[in-house]
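*Asks:* Here is what each chain is made of, one letter per residue.
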Amino acid sequence: MAELHVELVAADRKVWSGAATIVVARTASGDTGIMPGHTPVLSVLETGPVTIRTVDGGTVIAAVHGGFISFADNKLSLLAEIAELADEIDVARAERALEQAKADLDAHAERRAEVRLFAARGLKAHA
Amino acid sequence: MGAQLRVYKRRIRSVTATKKITKAMEMISAARIVKAQRAVAASTPYADELTRAVTAVATRSNAKHPLTTENPNATRAAILLVAADRGLAGGYSTNAIKAALSLSERLRAEGKDVVTYIVGRKGVSYYTFRNLAVGNSWTGFSDKPTYGDAKMVAADLIEAFTAETGGVDELHLISTEFVSMLTQNAVEARLLPLKLDDVQLSDQTPAKTEIFPLYDFEPSAEGVLDALLPRYVESRIYNALLQSAASEHAARRRAMKSATDNAGELIKSLTRLANSARQAEITQEISEIVGGANALADASRGSE
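Respectively, the protein sequence lines represent chains A and B. When we follow my numbering, the leftmost residue of the first sequence carries the number 1429, and every step to the right adds one. When we follow my numbering, the leftmost residue of the second sequence carries the number 4, and every step to the right adds one.
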């Protein structure tokens, strides 16, 4: 099966890298799925979950806050200021952050917390 | 114990205490350099990918952006100086401050007003003590900067650069480059307006030599560039902060190592002095006893 090489990089560390069959991410113009052989693309990422289907059939979900996606030569780079893998996310903390954000009426913080919760729960649903 | 000897003993005790402290600081710094270097290495994949993306957009489109447009009659320049929060790091902060002062001298000679932004308490105290104007300053993270810190600094600078009125036309960065454990250089670089020909990857190769594929930009080349450039500036500042932190630790380690060595030397020479003082005391006592005994013997011989 065709595969593409994925690098998920946060500002201060490399979060995940490996081979995948499809990557779904939320860009400024909506959810985009990228499969091997996609036309070269460079677009802006929104705060949202990124789903990576690995070649061995597994799923990696990460919460990504702001950044870019660039694909060329079968190599996909996901650059994010902050990126967390689903199993790194502290659900209790994210829930607290969500409540706090709702109380403060901070739409950005609320969205970030929601995405983290979504990513963390999404992984559980797959497992 | 004689007065002289007691003074030497006291000085040896005090120098030994100092040596213990400098030795501890040396070891702490040595441990932190490794961590700081690891942080620099961990941030390079992001910085390189971002550099590639910026160059790709800029070469594949004719998008004009305020952050890349040169103002032909620039009148105001900003300098971001990265110094240390704490002292005892040899010439680390001083070298950076000197570089900043000579750069602002040069910019003034070109007829530009200079605004200085400072990271690190040592830089701030140098400028405020001499009543030099400071645009804005940030302290408290010089030895362990996070991306959030860099973002905070960058946000202010970008705002100053893009401001319609009263903004700056150029942004220069003075930081300390970590070459090796023994060599750290204060370096200056112009961050804004961005010259794409000068954009380099982390291994110093110019990014423009690469051939980029024909990307589809979403939402548009301008939109992507709009979002990319501030991130690029942030990542440059983040990298400078990390390198400076590594340099600070290396400079402190070296300064503390020579302080420890000097304390050792001092203890050695003081011990020699104390020994000779003790010996002199003993010699004096013996000659006093012998002299006394002789005098007694002479006196008793005379009475017989």
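If you're looking for bench data, these hints aren't it; they were derived computationally from the structure. Be a bit skeptical, because a hint or two may be false.
[Said to hold, decoys possible] To give an idea of the chain A side of the interface with chain B (calculated C-beta under 7 Å), a few residues:
1. A1439
2. A1500
3. N1502
4. L1507
Where is the CB? At the ideal position from N, CA and C, for every residue including glycine.
*Asks:* So, for every hint listed, does it hold in this structure?
*Replies:* Now for the hints, and whether the structure bears them out:
1. A1439: 4 Å, holds
2. A1500: With Cβ-Cβ at 4 Å, under 7 Å, it holds.
3. N1502: It is violated, given that the least Cβ distance between A:N1502 and chain B is near 11 Å, above 7 Å.
4. L1507: 5 Å, holds
Violated hint: 3 only; the structure is consistent with all others.
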